[in-house]
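Chemist: Here is how the chains run, residue by residue.
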Amino acid sequence: MKIAVCIKRTPDSESRFRIAASGATIDETGLKYDIDDFAGYAVEAALQINEKSGGGETVIFALGPDTVQESLRKAMSMGADRAVHLKADAVPADGIAIAKALAAELGGGGFDLILFGKHSFDSSSGIVGTATAELLGLPCVTSVSALHVAGGTGTARRELEGAAELVSFALPAVVTIDEGVARPRYPSLKGIMAAKKKPLVSRPAQLGPVRVTVQKMELPPERPAGRIIGEGVAAIPELVRLLQTEAKVL
Amino acid sequence: MANVLVFAETRNGELRKIALEAVTAARQLADASGGGEVHAIIAGAVGIGDKSSQLAAHGADVVLVAEGAEFTGYARESLGATIADRARSDGYRAVILGFSAQGRDLGPRIAARLDAPIASDITALAVDGGNVVVTHPGYANKVIMTLVLTGTPVVLSVRPGAFTAAGSQKAGRAESLPAVAATTATVTVTEVKEGAKGRPDLGDAPVIISGGRGLKAAENFKLVEDLADAFGNAAVGATRAVTDDGWRPHSDQIGQTGRLVSPQLYVAVGISGAIQHLAGMRTSRTIVAINKDKEAPIFKVADYGIVGDVLEVVPALTAAVREARKSGH
Chain A
1 MKIAVCIKRT PDSESRFRIA ASGATIDETG LKYDIDDFAG YAVEAALQIN
51 EKSGGGETVI FALGPDTVQE SLRKAMSMGA DRAVHLKADA VPADGIAIAK
101 ALAAELGGGG FDLILFGKHS FDSSSGIVGT ATAELLGLPC VTSVSALHVA
151 GGTGTARREL EGAAELVSFA LPAVVTIDEG VARPRYPSLK GIMAAKKKPL
201 VSRPAQLGPV RVTVQKMELP PERPAGRIIG EGVAAIPELV RLLQTEAKVL
Chain B
1 MANVLVFAET RNGELRKIAL EAVTAARQLA DASGGGEVHA IIAGAVGIGD
51 KSSQLAAHGA DVVLVAEGAE FTGYARESLG ATIADRARSD GYRAVILGFS
101 AQGRDLGPRI AARLDAPIAS DITALAVDGG NVVVTHPGYA NKVIMTLVLT
151 GTPVVLSVRP GAFTAAGSQK AGRAESLPAV AATTATVTVT EVKEGAKGRP
201 DLGDAPVIIS GGRGLKAAEN FKLVEDLADA FGNAAVGATR AVTDDGWRPH
251 SDQIGQTGRL VSPQLYVAVG ISGAIQHLAG MRTSRTIVAI NKDKEAPIFK
301 VADYGIVGDV LEVVPALTAA VREARKSGH
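These protein sequences, in sequence, are chains A and B.
Letter by letter, the first sequence follows residues 1 to 250 in the numbering used here.
Letter by letter, the second sequence follows residues 1 to 329 in the numbering used here.
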């Protein structure tokens, strides 16, 4: 199958973040960047589908500055066949603008399946995959935790609040990937060497007008320091008292 | 003056709490835009229109009822087409949804169809000049962003719990909304697997009791269930370690890669407090932690911590909560 995977490069989610002097971006100093977690699951899912079917092509797309090429190379070192860099000075906060650039690129590509992460860590918005599907007029299944494709049909499990939906759909289709589908492999040394020779093309992203902008970024207020009220069963009367009189939740 | 359109989400024929919260957000935006009407779309099988009065009682001036077989279950394509068509034809300032499984699926579809700017998972909104300005926590709640959306309409999805459903004295009126056929190939729902019955969803519950590896074995999760039962209105959550081990379903996972929750009360049972978990619950109003390791990071965010063996402390707490609720405090 011909599978496209659209990835984003995001900072390590365990980092301690600071706001840059501009007040509208994070301070990138010292942060480690990699393929976003959910996008990583999507890359792995695509590779496994094509390994199982014994053929096909996995193509990785990323929009952003030149640094995203490092993440594209990493996806190729995991096993993807080639990569496309849609060059932009920065990734805008406007998910529809990004979706337009991706739809323009993916539209004529003849892909059977287009995968995204269900959302990215940094923007935490989950817009681009679904909007791209809508612009392409393709069926779309979001937040998928299990995915199977065979004979031009896909089946998937989709997580809802406290429930799950099992769905089927015709290919070509867009699927956004949640945890549970596949744990991404580590690139092998052989894979890393091979990735250096795989094709990576770069062209300008056709973003169009950007209508959502970041005015300000702030760190959330700190929680007051925690307090240990006692040890073992003996502390329970005091806990119940505090829940009743101070927190007023009992 | 401009009207605001709301998607009032239902599940199994009932309005969800987030539907009323979305109406509150829409009311705020309509008022901030010089006073307009709030129009709420409710969709479902024939009979769903009976819920219209609940929406009116929470501030919807007009309830648009889309009833019919094509709206049974979560009919993503028909809903997307019908809501976008209505939004386009009637010059709304905004379309507002919940940031729920349905809303996060539907919002981008509508925005793409309308070619409208969209912001997800917002916790506050305002109007500044001609622009809508929203607050959106990103980086798994570690950074709070203020976003400016230019153009009309805009699409917004609101974080569950961020807007409090409010009553209204005005009488709303109901109108019927015809379905618009989907233009894309459709996704067929073959089965819905319901989770544990009789408990509120993690996004709706005022109290969450959550368990971690400190419970030592899957069968000890019974203690967490019992404590949730004692509170009566509690949902049950779990850490990633627990769902990875299959003690609980993946859908119960609270944390950066699972559900982000902010209940009135969060009780962490045998949870050490990994960063990944804290990201999902640190905005809870009151946090209680019970853990045997007094150095566990969970105690840094817990308003009330108890150091001790969860297998002893939790059953005693369950009994004490039952007693306290019985005596009516």
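To be clear, the hints were calculated from the coordinates, so they are not data collected in a lab.
Glycine included, every Cβ here is placed at the ideal spot set by N, Cα and C.
Take the hints with a grain of salt, since some may be wrong.
Claimed, not checked - Just some of the chain B residues that point at chain A, by a computed CB distance under 10 Å:
no. : residue
1   : Ala-45
2   : Gly-49
3   : Arg-104
As the list claims (entries may be wrong) - Quick list of in silico lysine-lysine cross-link-like pairs, BS3-like style, CA-CA up to 25 Å:
no. : chain 1 : residue 1 : chain 2 : residue 2
4   : B       : Lys-216   : B       : Lys-17
5   : B       : Lys-17    : B       : Lys-51
6   : A       : Lys-2     : A       : Lys-52
7   : A       : Lys-2     : A       : Lys-248
8   : B       : Lys-170   : A       : Lys-248
9   : A       : Lys-190   : A       : Lys-2
10  : A       : Lys-248   : B       : Lys-326
11  : B       : Lys-51    : B       : Lys-170
12  : B       : Lys-17    : A       : Lys-248
Chemist: Hint by hint, note whether the structure agrees.
Modeler: We went through each hint and held it up to the structure:
Violation of the interface hint for Ala-45 of chain B is found here, the shortest Cβ-Cβ separation to chain A being roughly 17 Å, above the 10 Å cut-off. For Gly-49 of chain B, the shortest C-beta to C-beta distance to chain A is roughly 24 Å, which exceeds 10 Å, and the interface hint is violated. A distance limit of 10 Å between C-beta atoms decides the matter here; for Arg-104 of chain B the minimum to chain A is near 5 Å, and the interface restraint holds. Restraint check: the Cα-Cα separation between Lys-216 of chain B and Lys-17 of chain B comes to about 35 Å, which exceeds 25 Å; the hinted pair is violated.
A C-alpha spacing of about 13 Å is found between Lys-17 of chain B and Lys-51 of chain B, which places the hinted pair at or below 25 Å, so the restraint holds. Between Lys-2 of chain A and Lys-52 of chain A, the direct Cα distance comes to roughly 13 Å. Compliance with the 25 Å bound is thereby established for this hinted pair. This hinted pair does not check out: Lys-2 of chain A and Lys-248 of chain A have alpha carbons roughly 57 Å apart, beyond 25 Å. Taking the CA atoms of Lys-170 of chain B and Lys-248 of chain A, the gap is about 32 Å. The hint is violated against a cut of 25 Å.
Taken as a hint, the Lys-190 of chain A and Lys-2 of chain A pair is honoured in the structure, with Cα atoms around 23 Å apart against an allowance of 25 Å. Under the criterion of a C-alpha separation no larger than 25 Å, the hint pairing Lys-248 of chain A with Lys-326 of chain B is consistent with the structure, at around 16 Å. Restraint check for Lys-51 of chain B and Lys-170 of chain B: the C-alpha separation of about 16 Å stays at or below 25 Å, so the hint holds. Pair hint Lys-17 of chain B plus Lys-248 of chain A holds up; C-alpha atoms about 22 Å apart against a cutoff of 25 Å.
Checked against the numbered hints above, the structure violates hints 1, 2, 4, 7 and 8; every other hint is satisfied.
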